[in-house]
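Chain L is fixed; fit chain D onto it per the hints.
Going down the list, the sequences are from chains L and D.
Residues 1 to 213 in full-length UniProt numbering are what the first sequence spells out, letter by letter.
Residues 1 to 213 in full-length UniProt numbering are what the second sequence spells out, letter by letter.
These are computed hints drawn from the structure, not numbers from a lab.
Note that this is a predicted model, so its numbers are computed, not measured.
Some clues are possibly wrong.
Repeated chains share a single entry, so a pair holds when one copy, or any two copies, can fit it.
Unchecked claim - Simulated crosslink set (DSS-like; lysine-lysine; CA at most 25 Å straight-line): (1) K105 with K81; (2) K90 with K19; (3) K47 with K15; (4) K26 with K135; (5) K203 with K135.
2 protein chains.
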Amino acid sequence: MHIVKIGGSLTYDAKPLLKTLKDYAKENNKNIVIIPGGGEFANVVRKIDKFLNLSNSLSHKLAIKCMDLIGEIYSEIGNIKAYDTLFNLKREINKEKIAILLPSKILISTDISEHSWDVTSDSLSLYIGNLLDVKEIIIATDVDGIYDKFPGGKLLNIINANEIQGLTSVDKTFPILLKKFKMTAYVVNGKYPQRVIDILEGKPNIYTKIVID
Amino acid sequence: MHIVKIGGSLTYDAKPLLKTLKDYAKENNKNIVIIPGGGEFANVVRKIDKFLNLSNSLSHKLAIKCMDLIGEIYSEIGNIKAYDTLFNLKREINKEKIAILLPSKILISTDISEHSWDVTSDSLSLYIGNLLDVKEIIIATDVDGIYDKFPGGKLLNIINANEIQGLTSVDKTFPILLKKFKMTAYVVNGKYPQRVIDILEGKPNIYTKIVID
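Only chain L is shown next, with the shape it has when bound in the complex (with noise of 0.2 Å):
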């Protein structure tokens, strides 16, 4: 089984992603889990977290739930059923191939995370990834990997999870939790869809590989 989180930040660009993907997923009988994130419904929380001061346990429920809202949205344009407990994703990804989390009912119902915005839906993703029992998973997201400085700087193909300072597109939990859970992740520009079946398949193309020691 194949993880693929695919940012909010893709949510205008996300559709010739998913169909790729489905179409993959289907011809090379492969299971992929998409994870979305929680895009502007998400900025919208920090927004107010930011004028009312919410409580860190809310912010973080509400941001969870903003990545139901974009997963019904992958759902509807990408023509992919989505579902909300681990039990029947499991029972039907194997007829459709392709399957899309929405991942509050999970993620609340085990409260499983730090509540705090140091864990976004990147780091939720790898929690997700660790009851599925995965050990790779791929971050779509809007920029093209991780750069040694950004802006400006160059991007890298591979990057060590100790190495990563905070200042990339992941949150900070990540590295710390690629190292917990023992997995290897990608992090990869979603508008280009080739890229990410590039991983899927193994070969190169641009995008950075964070592995652990």
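Quick look at chain D alone, frame taken from chain L:
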């Protein structure tokens, strides 16, 4: 039982109104149910719908879920308990005298309304009011009431539902439902909590009363 719908446009200004309503409910032994609007979250749905041309059903469902998000925020900043079923709300409100309704479970499970942007949280509060068998509803928003023309018009103290032209702060379906459910509505600026209290007390102040024949 009284229903006060607090529009999402009041997100950043709702705290004094929530506090005033909570104190009033306890001191006067009146039950008040607060229904949230979808606010900036629902605006994100509108924006995404505009760009991606979502189905009416999905836009409707997401906008309803946005009401829950604002409701959870009102619950925290007002220190008022929130309920997602009328069963639990009715069982608990006599203790607390005031409750916030998170309406998505009710509205999606009953699928009680048309799936259209003509049905916003204003009209959805009328459906909830009808389920609660109330005959009056207060719509707290960020304008002083309904004007004979806008901008630049004169605030109306009273208007017949038949005369509402759609050029107002309430949605298109609202007057139709008012007549169907035989309800009276008040549109009031929620930034002035005393105006809302004066409606509850039957006293004159700055607001618009919408009557039916």
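Exercise for the section: Find the hints from earlier in the document that the structure breaks and name them by number, from lowest to highest. Expected result: none
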